[in-house]
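K.L.:
Listed here are the chains, written in short residue letters.
Number of protein chains: 2
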Amino acid sequence: MTSLWRSGMPGRIRPAPENHLAADTLDEAMKARRRFMGKALWMGAGAAAAAGGARADIGQGDPAILELPEHTRGLGQPVAARAYGLPSQWEKNLQRRESPGLTRVAAASVSFTPLQGLFGIITPTGLHFERHHQGWWDIDPSRHRLMVHGLVREPRVFTMDDLMRLPSASRIHFIECGANTGMEWGNVAVPTVQYSHGMLSCGEFTGVPLATLLDICGIDRAKGGFVLAEGADGSSMTRTISMQAALDDVLVAWAMNGEMLRPENGYPLRLVVPGVQGVSWVKYLRRIEVGDQPFHTKDETVHYIDLMPDGRHRQFTSIQEVKSVVTSPSGGQLLMDRGYYNVTGLAWSGRGRIRRVDVSADGGRNWRTARLEQPVLPKALTRFNIDWTWDGSPAVLQSRAADETGHVQPKINQLRAVRGTRSIYHNNAIQSWKVAASGEVANVQVW
Amino acid sequence: MTSLWRSGMPGRIRPAPENHLAADTLDEAMKARRRFMGKALWMGAGAAAAAGGARADIGQGDPAILELPEHTRGLGQPVAARAYGLPSQWEKNLQRRESPGLTRVAAASVSFTPLQGLFGIITPTGLHFERHHQGWWDIDPSRHRLMVHGLVREPRVFTMDDLMRLPSASRIHFIECGANTGMEWGNVAVPTVQYSHGMLSCGEFTGVPLATLLDICGIDRAKGGFVLAEGADGSSMTRTISMQAALDDVLVAWAMNGEMLRPENGYPLRLVVPGVQGVSWVKYLRRIEVGDQPFHTKDETVHYIDLMPDGRHRQFTSIQEVKSVVTSPSGGQLLMDRGYYNVTGLAWSGRGRIRRVDVSADGGRNWRTARLEQPVLPKALTRFNIDWTWDGSPAVLQSRAADETGHVQPKINQLRAVRGTRSIYHNNAIQSWKVAASGEVANVQVW
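In the order they appear, the protein sequences are chains C and A.
First residue of the first sequence: 1, per the numbering used here; consecutive thereafter.
First residue of the second sequence: 1, per the numbering used here; consecutive thereafter.
Keep in mind the hints are simulated off the structure, nothing from the lab.
Predicted, not measured: the structure shown is a model, and the values here were computed from it.
Every residue, glycine too, gets a C-beta built ideally from N, C-alpha and C.
Take every hint as true, because none was put in to throw you off.
Reference excerpt, derived from the structure (chain C facing chain A, CB under 10 Å, subset only):
1) LYS92
2) ASP140
3) GLY234
Residues of chain C placed beyond 10 Å of chain A at every Cβ, according to the derived structure:
4) ALA189
5) GLY224
6) PHE295
7) GLN315
8) THR317
9) VAL396
Restraint ranges, calculated between C-beta atoms of paired labels, are given here:
10) C:GLY74 <-> A:ALA437: 48 to 56 Å
11) C:LEU86 <-> A:GLU440: 29 to 37 Å
12) A:THR369 <-> C:ARG371: 30 to 38 Å
13) A:GLN244 <-> C:PRO100: 48 to 56 Å
14) A:ASN366 <-> C:LEU247: 26 to 34 Å
Next up, chain C with everything else stripped away, as it sits in the complex:
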């Protein structure tokens, strides 16, 4: 870590309109802050404030908060007032949000994770992104079954009880929809990181390795090269997974972030296919079939395909390649001062661990290496932070990740040279956020 923050006052960021503070709260905060900063507290008047002893609120120019607050005088809420806790009333604006008009039916749509307001690598379970093909259900786990059949010696039907008694494994992994950042293929840049990159979450998953179930049922190793996974909801989501992946790190999972899966995320059972696009993480998992060739289902032949420049389409692209994004400052935010900023973001690769993230503030001419927060885990989000001092002139913030296999995140023009502009899926290009002299941050494409 450099010591840029020593160089002066840290800059303030006004969040994007749909960030975690409401606009009127922010306006009020800005006014209060101007009065406050007028007293130059940051640069030295703190001593005067501190002279007020326990009256830590002194010197704010706001008579109301000179009063000893209620929470210091009174008796608060009891324990277990909420048997299951919820966020603060002051954080209500931090939500997963649908992008209106993205699909014709809200039951077959997406809600995006508000990356701009999150911290670390674990996505709050309540803000995990949603992608439903025929809506979500809250299935009675006592009636849910998983069938394993096809090229196996002994087909079986497992209850949830059966599965949860088997040897389990827990692992932290990211999940990213193959269509994440899909709007950036053209020039249709969406305004905020929630909508550009918010089909991305990370959690700790617990389940039984699929390899264990296949072992119990006795796969035909000579012929059984592929696995089909099918969900129980009305979309009959079906995806082919290679036997190599199935025997490696795929989990039949019932838990995320310490508790049973949420209904929106496939309760009571979903497949976890580390490093692979979210559509393969089949929700409401009810059937695994072993076969000798890819199953060529609708969801891998017509959907989730890459339309190439020559008009052909590419199937079975599934690994989410190395990628990163600066989550703050990011589109829609407003830098309110020159000075120090902690630039923070996320990096990930479907091939393994992140090795390094570089950050540029001048659109890719100069790069500095960010520090990575621990732990850095394979096929998991990695949080990066780096110091930056904004001098008030226009800037373009970018991050560029490299993974342990040597893959480096490409520029958007490099990707377009190979893939064209008509794709929806598998865009892992470097993201650019332009900071105007006014402090406004906008989504731009730089190459």
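Once you've looked at the hints, dock chain A against the given chain C.
P.N.:
Frame of chain C, contents of chain A only:
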């Protein structure tokens, strides 16, 4: 991993009454299961069931579930039906719970995390244990301040905005109340692991290192050997922290598990003191004072002290020593069959990483080494799993953790020989769960 699960049918566990399935649901499940098992599906009849094709529910002996379920036929709920998601309706019984009568006022009490129903190492944020001294509050972050003063060159008052603009760090750590497992000092064994060990949680915390704030304010390194942390709630919780710890890995944190802290956990600001008992993780943090000696506050001289056999009390015990517990099977549960069980639990040490966990099924005569799930992080919970086949005779399940510094979890009689039986705090003894021939699991003390 051994292959014990190959040896036959996996055993079923009936959860403790306050586990995640309601008792009547369980009775029903047991009856259904008996009918189901009567068809010997697990041992081979799966082929017949699978012959039903996509009708995965076939052969269950319950006509109702031969119908194609509603969720396979209909259109489900839309995205963002819940802007902030919640657990399944079927998991309502998994709650943090108060232990009635533990304290006289519920605003100065404890609610315990239901460890028996959790997975992995991340505690669901909504089930994080609570310990309040004067109730919890949902403080307006725009009005919250942190003062840093005492033996510093420039005392300062920080707003939340100030703090959140500084270089931040994210780390996964456990938090354990010093009184966790306190009821086991005598022979007052509580029935379930929720109440015996549930003042324990683990999360990913994000904040600014306390060292950074002390650096900004300019600590007097010659004299300033101690730090006082004070909370803003009515209990005026105050704790001394050594400067060594303060400059090491202590965070002034605003986020847990990716989002802003919950009100019950100190929103908008709490201290994170890795490896140290929870009381030092001061909630609603409003003041940091640097001093030249311990502050001898009420919460470290009268409370959170260790009453020794000779009648004296020991102060400033703060590191949570190496400890572990089997969370399933555990007290109050009922093993319903002989056969295979996945024995699972948690291990942790305030001194660093867990190196190894051994598990005994015969009260400590024989031990086998459990497998540790990744990641194994310093001062964080570590999940362990191990295979066990129950032959139907009485058994005593125990786990014994060792950390990377060489500390090994003691037996309760070893701890009592030094500490007596009148303590409340800092009990890290090996926990014993007795399995009766009937399958009932009970909390016992074995030495």
